[in-house]
Every structure is written in structure tokens, then in C-alpha cells.
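Engineer: Listed below, chain by chain, are the residues.
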Amino acid sequence: MSTAIAISGLVKSFGSTRALDGLSLEVRTGEVHGFLGPNGAGKSTTIRVLLGLLRPDAGEARLLDADPWRDAAELHRRLAYVPGDVNLWPDLTGGEVIDLLSRLRGGLDTARRDRLLERFDLDPTKKARSYSKGNRQKVGLVAALASEVELFLLDEPTSGLDPLMEAVFQECIHELKAEGRTILLSSHILAEAEALSDRISIIRNGQIVQSGTLAELRHLTRTTVVAETEQTAGGLRAMPGVANLSAIDGRVSFDVDSDNLQDAISYLASLRIRSLVSHPPTLEELFLRQYGDDVTAVEEEAGR
Amino acid sequence: MTGTAALVRLILRRDRTRLPIWILAIVAIVFASATAVADLYSTPEQIASYGSTLGTSAAAIALAGPPFGLDSIGGIVVYEASITALLGVALMAIFITNRHTRAEEEAGRTEVLRSTVVGRHAPMAAVLIVVAAACMLVGAGVAAGVASIDVPVGGAVLFGAAIAALGIVFACLTAAVAQLMTNGRGVIGIMLAILGTSYAVRAVGDLGDGTLSWLSPIGWSQQVSAFEDNLWWPLAISAAFSVVMIVVAVALASRRDLGAGIVPPRPGPAAGSPLLGSAAGLAFRLQRGSIIGWAVGVFAGGLAFGSFSREVQVMVEENPQLADIFGEAGAASLTDAFFATAMLVISLLGAAFAVSSALHVRGEESAGRIEPLLATGVSRTRLLIEHMTVTLAATVVVVGLGGAGIGLAYGLITDDLGAVGEMLGNALVYLPAALVLAGLAVLLIGWLPRFAAASWAGVAVCFVIGWLGGLLRFPEWFENLSPFTHTPTVPVDPVTLAPLLILAAIALLMTGAGVLGFQRRDIG
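Quick mapping for you: the protein sequence lines, in order, are chains C and G.
Going left to right, the first sequence walks through residues 1 to 304 as the working numbering numbers them.
Going left to right, the second sequence walks through residues 1 to 524 as the working numbering numbers them.
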């Protein structure tokens, strides 16, 4: 089996809102697949369809070669899920919740659980009602990561975690990947997806707009160039494929399409370059490009 | 207190359907009772016979209150309708006050509000203003409803004021208790226990020399003696008590942190007990407190009913007139009739428990806590069926303990502890009817989850039919809606198996249909 998740033409509406609008997604076995998109794009809806919690209106979804709606309970023994907002039973302690969820999934590895509790620095004796957002998230993570399963569905799993804990989370994901497990990682945190993902799919308005490895996605996008030249680089303005140009005191910065990079650099060279920095686009910039008509939403995303 | 006005508007907006339903339901029941009484007792002879039978019945006094002014239509209306109206207004005050104080704080919304220009005591002030106004509307409606049947207006107004006063007392009491507990469910539990105790204390007082009745807030509202002595001063006790409770609540609120109670949170177990390994285990663990609370409460209620039975017997023995009216056998069966009423009350409480337990699963879903369970190896069918198994078992325990309580108290009085088993058996006869209401809840959870709470309306309808059916003379089809109508009224009537099996089958079918719906719908 080489495909862990195969979705094609998935449609799900809530009243008049079309949350998923013909979404297609493929996640290969053993890969970490980044699932990126702004709020309300349909990330959580997709994952909840994969969990058999929502019934799709049209399209097909296959999970580990089974039907996520019909075979829900059987499938769930082979996967673990972390929601973006972990809701816990206020009267149970964190330790009780972790044990409950692990047992219901089919077994509890106490040694693994204890190691994770230590790594995530979580006190399991506190009642869930007194946990902060970050600590609730840790409970969800420990309960999921303590499981011996082949697939992890992680829906913005690190929301509310501090940078230290996020580093621990990234370590854990690297370990899982080394063990050959498949991970679908929906995220707002672009650096996280960039650091962890083998492949990335970008979702917008219920559709996948781009999908591929980081290298493939970069190929479609621009390069950011910051340069200082002796002569004023006024000619860039008229050059095809150049965008977001700004010039201050002989220092220019701009984005340029890969196809026009050669021309731009040649032009700069003719003006005698003093310094030149160029870098591949970050995912923030991918977003900006993808959702260029909706910059404020993207900035909100990037700010999280 | 800054921001109180804005919070009053917020509460009115959030409860714009809830509050009118409470108010209209209570007023409608009193109005219907008043009209029915006026129809039934139109001649002086009818009124006199009411006073000499029900007015001297210890069972009726224990259930309804002190027999004041039964030589008038007004007094009979108060005797018939006051407990329903008093319990109704108290429940309204408890639920609405808790909803906007501790439950709101527990959900973290008070924090958001308090971060704006809202004073420390504004949330409490706002809800007390709203609930007090609602209670006064209930009181005004009750007064108008009773006054509409040709009775002295003064008595009607006093009756209405007494109803309103009890609501305000319970609102202020709830506000004080809300300062002590860290969660809304705990507040509701304590308040229901206080309400039950108030009811029982006044029952004992009313049957005795009346002293104990003055220790109960319900007693204060009944001792106004509307349509007889027409006393206003007992309501001064209610007012003074309310003020004291507000002072206590404010004092407690000024000393504690937001979100905190009086009991500091303690660490719990670091690992889950073996119980926490199945959906049923979790359902039991989450409802453990409420199951114990209901079981103890209903058992105590059973003990109270059982101990009243002595008064019923004494009354039968000392009142040869009764034998004339009901015949020898009839008089002997008065005790049985009292037990049948007690069984009905116990099983209605059991039905209320069953519905609240069944709805627990929907509450968990709304809170987003079913999702993580269904993301494990538990199927929907299994989740719901295991949950309902816990509901079923706990309902058997609650109803059974209620019957056993009646039997134990009666057995101790009559020196015949065989009554325990007998009464327990009698109570379980009413179990299928209670389970039909739980089945209705499951059906709604499966197919119309957003309206699942409407199963409470089922409990309310059964209560009104069972409690006031004799007075209000509903059309037959309406009476037939209640599963309790079809239950043999043991111990008056013999047990017949057929209706019980049919009721059980209906409960099972509705549960099954609910499970089918739950399998097919979206979760969330």
C-alpha cells in the first residue's frame, strides 16, 4: 500500500455554506504531509470527514484502504487524532484522559506515556478544568503520540504551545517519521510545516490549490532579491515578472518570477552590484502569492 | 456595579425564549387550575365537602400545604395550585440564576466580560434584577389568573406575591451558593437538595403544629394564608432572608478569585482507573456524582412519603365520616391511594433523572467531547448504547431506592419490613413509563439533536397530567400521551403485564430508532 489517504472530488455543505468544494488530496504512506490554509478554508472539515464524524455530500475518501464513514471504529484503532482545540472532561485529570483515550483506541503503553509526559513537562494529576490552553493541547498530544498507530491526523496540533514545547513536538514528529508512520499535519505555523513536511497541499475555499514537495512549489513561485547597486535601478519597474518593488537609498528589494530571474540579475549586474541577497520564498510568501487578493487574511495567518 | 444595565440587556437577549416559556408555563398552570376549581366547586355544598375530605387529608396536606381558607373557592385554588407554582418559580430562579453566574464563569465568558468596563458584582446584580423581575411577572400573572374567577382580589394579589417572593428567595440563595462551587452542575445539585429539604420540612411542619414550616422558605410563602387571614408579614421574612443572602454572596465574591470556589482544587490520580477503559465506564464516571445525588434525594423523598403514611392511617381511623363517604374498603384503600400517588411522584423524579442522564451524551457532544471518543476505536452505536445502559441501570437504582425508601419508613412504622420489598416492586412497575421518556430523549438525540432538550417538555407534560389531571380534566387523547396514564396504579390496581411490556417495547423502539439516527448524522 503506497497511499494512506486518497480523497477525490469531496463536497460537504453546511446549509448554504460549501465547506468542501471538490477537494482532492493524496497522502502517501510514510510521508509527513503539510496541510496549509487560512481559517475556514476547510482543513478541519476534511479531517473530520476522514474521521467519519461528518458524512460527505459527494466525492470519495479512502483512508488506509477503507471507508472512513463505514469502517470508522476499525480504522480508528490504526490512527490517532489531535484536534486544534482539545476539549477535555473538566472533572477528569489529564492522566485519566490520556489513559481513557489510549485504552479506547486499543491499548496503553505506559512506558511510552510516561516518557511523553516528561518530555512535554505535563502534570497529569491536575483536573482538566484547571489546565491552560497549552496544557490541554499537551494532553491531546500525549494521548495521541503514546499510541502505536500507523497514521496520525494532526489538526493544528501545536496551537497554544510555547516555542520550547513546539521544538519537542517537532522532535517527536521526526521520530515518528523515522519509524515510517504517516502524518497529515494541518497547520497555521508555516515554519513548522516547512521544517517537517515532505510534501505540502494548500487548501483554499474548500479546494486544493497547490500540492507538491517544497521544491516543486518553489518552482512555481518567485525569488526574493535584495540588492544594492551603484547606479539607480529604475529600469526594474518596467521589467516583466517583477513585483513588490521598493527602492530606498540605492537599495532595491523585489520579487521576481523564476522565468525572469536571469534578466533581472543581468540588469542589476549592469548597474554594478555592491551587495546581493536572494532567497527562496518562505511559505508566508507562498501564501501571499496564492491568496494575493486577500492579503489581510494571510497576514492574520502569518501572525499566528 | 458598573455595566449592570448592559448585562441585563445581554441576559434578556440570551433568554428571550427561555424566560417567557418559564413565566407563561407557570401562569398557565395556575390559571387553568383556578378555572377548573371554579367549575368543579360551584355550590357551597361542594366547597364544604372539599374542606371536610381533602382539607383534613394528611396525605393532601403533606403534598400540598396547610389547608387555609378551604371554605372559599380562592382557598381551594391555593391548596390545589400553590405547590406547582412554588416549585415552578423556584426551579426557574435556580436554573436562570446559575446559568448567568457560576455556569457562565465556569465557561470562561465572565472573564471576557469582566475584562471590559464591568464591575465585580455587575454580573450577579444583572441576573438578580432579571430573575426578580421574572418572578414578579409570574406573581402578577398568578394574581390576575386567580382574580379572574370571582374571588377577593386581595387574596389573589397576596397569593401572587407569595409565589414571587419564593422565586426571589431562591434566586438570592443560588447567587450565594454559586460563590462556593467551582461548577454549575454542583450549584444545581445543592440547590435542588435545598429545595427538596424545604419541601419536606414544611410537609412535616404542616402535619404537626406548624412550627417547622417556619424554617422553610416554602413555608413562609404558604403561611401568608391567602383567602383566610391574608397575612403580608411572612413575606417580610422572605425579603429579609433574600437581603442576607445577597450580602453573603457579595461578601464571598469580594474575597475570592474569578473562577475559584471556596474548596481549593486538589490533585487527582495521575493514571486512569480500570473503569476508564470503556464508553460505559466513562459515562458512569462522569455521572457518578449526579447518580449518587439523585439516588440519595429520591430515597430521602421515599422515606418522607413512607413516614407520612402513618398520618394517613391515623386520619382514616379517627374519621368515621371518611368510611361513610368512601365505604369501608374505600377508606382502607386511602392508604393505597396515597402510596400510588407517592409512586407516581417517585417515578416522575426517576423519569427526570433518566432524561437528564440520557441528555448527558448530547451535552458532551455540544461541548466537543464526543469527537475525541469517536476518533478512537469506539463506534457510534457502541458509544450510545453503552451510555444508555448506564442510564437504564442508574434509573432502576434511583426508582428502586425511592420505592425502598417508602417501604422502609412504612415498614418501621407498621413493624413489617416486608413492606420494603413490596414497595420496591411497586415502584419498579412505574419504571417502563420513566424509560419511555428516556427513549424519547435518545430519539431526539439521534434525529433532531438541536431539539434534544425538548424531551424535558415530555417530563413536564407527564407531571402536569399526573399531578393536575384529576383537576384539569384534560381530553382523553392528551392524558393518553403520558406513559404514566397507561401504567397500572399499583398498589390500588393489580399489576397487569401487557401495558408494561408495551411501554418497555416503546422505550426500546425509540432508543433503537435514536441509535439509527445517531449512526447516520454528522457529529458536532
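Some clues are possibly wrong.
[What the hints assert, rightly or not] Which bits of chain G does chain C cover? Going by a derived footprint, with three or more residues having C-beta under 8 Å, they are:
(1) 368-378
(2) 406-414
(3) 511-523
[As the list claims (entries may be wrong)] Okay, derived cross-link-like pairs now, SDA-like style, lysine to any residue, Cα gap no bigger than 20 Å in a straight line:
(4) C:LYS133 / G:ARG369
(5) C:LYS177 / C:ALA195
(6) C:LYS126 / G:ALA260
(7) C:LYS127 / C:LEU117
(8) C:LYS127 / G:PRO264
(9) C:LYS133 / G:SER290
(10) C:LYS133 / C:ALA195
(11) C:LYS126 / G:ARG285
(12) C:LYS126 / C:ASP114
(13) C:LYS133 / C:ASP85
(14) C:LYS127 / G:LEU180
(15) C:LYS126 / G:ASP336
(16) C:LYS177 / C:THR29
(17) C:LYS127 / G:LEU417
(18) C:LYS133 / C:SER159
(19) C:LYS127 / G:ALA240
(20) C:LYS133 / G:GLU364
(21) C:LYS127 / C:LEU161
(22) C:LYS133 / C:LYS177
I should point out that these hints are in silico values taken from the structure, not numbers from a laboratory.
Given the structure is predicted, the values throughout are model-derived calculations rather than measurements.
Note that the Cβ used here is the ideal one computed from N, Cα and C, for glycine as well.
Engineer: Confirm or reject each hint.
Structural biologist: Structure-based check of each hint:
1. 368-378: holds (count 10)
2. 406-414: Since 0 is below three, the answer is violated.
3. 511-523: Per the Cβ count (4), the hint holds.
4. C:LYS133 / G:ARG369: holds, 15 Å
5. C:LYS177 / C:ALA195: Distance of about 13 Å is within 20 Å: holds.
6. C:LYS126 / G:ALA260: With a Cα-Cα distance of about 15 Å, the restraint between LYS126 of chain C and ALA260 of chain G holds, given a limit of 20 Å.
7. C:LYS127 / C:LEU117: holds, 15 Å
8. C:LYS127 / G:PRO264: holds, 12 Å
9. C:LYS133 / G:SER290: violated, 27 Å
10. C:LYS133 / C:ALA195: violated, 24 Å
11. C:LYS126 / G:ARG285: Roughly 17 Å separates the two Cα atoms, so the pair holds.
12. C:LYS126 / C:ASP114: Distance ~15 Å between LYS126 of chain C and ASP114 of chain C Cα, so the pair holds.
13. C:LYS133 / C:ASP85: holds, 8 Å
14. C:LYS127 / G:LEU180: Distance of about 18 Å is within 20 Å: holds.
15. C:LYS126 / G:ASP336: Given that 20 Å is the threshold and the Cα spacing comes to 52 Å, the pair is violated.
16. C:LYS177 / C:THR29: holds, 10 Å
17. C:LYS127 / G:LEU417: violated, 44 Å
18. C:LYS133 / C:SER159: holds, 8 Å
19. C:LYS127 / G:ALA240: violated, 39 Å
20. C:LYS133 / G:GLU364: holds, 19 Å
21. C:LYS127 / C:LEU161: holds, 19 Å
22. C:LYS133 / C:LYS177: Given pair LYS133 of chain C, LYS177 of chain C is violated - Cα atoms ~27 Å apart, limit 20 Å.
In this structure, the earlier hints numbered 2, 9, 10, 15, 17, 19 and 22 are contradicted, and the remaining ones agree with it.
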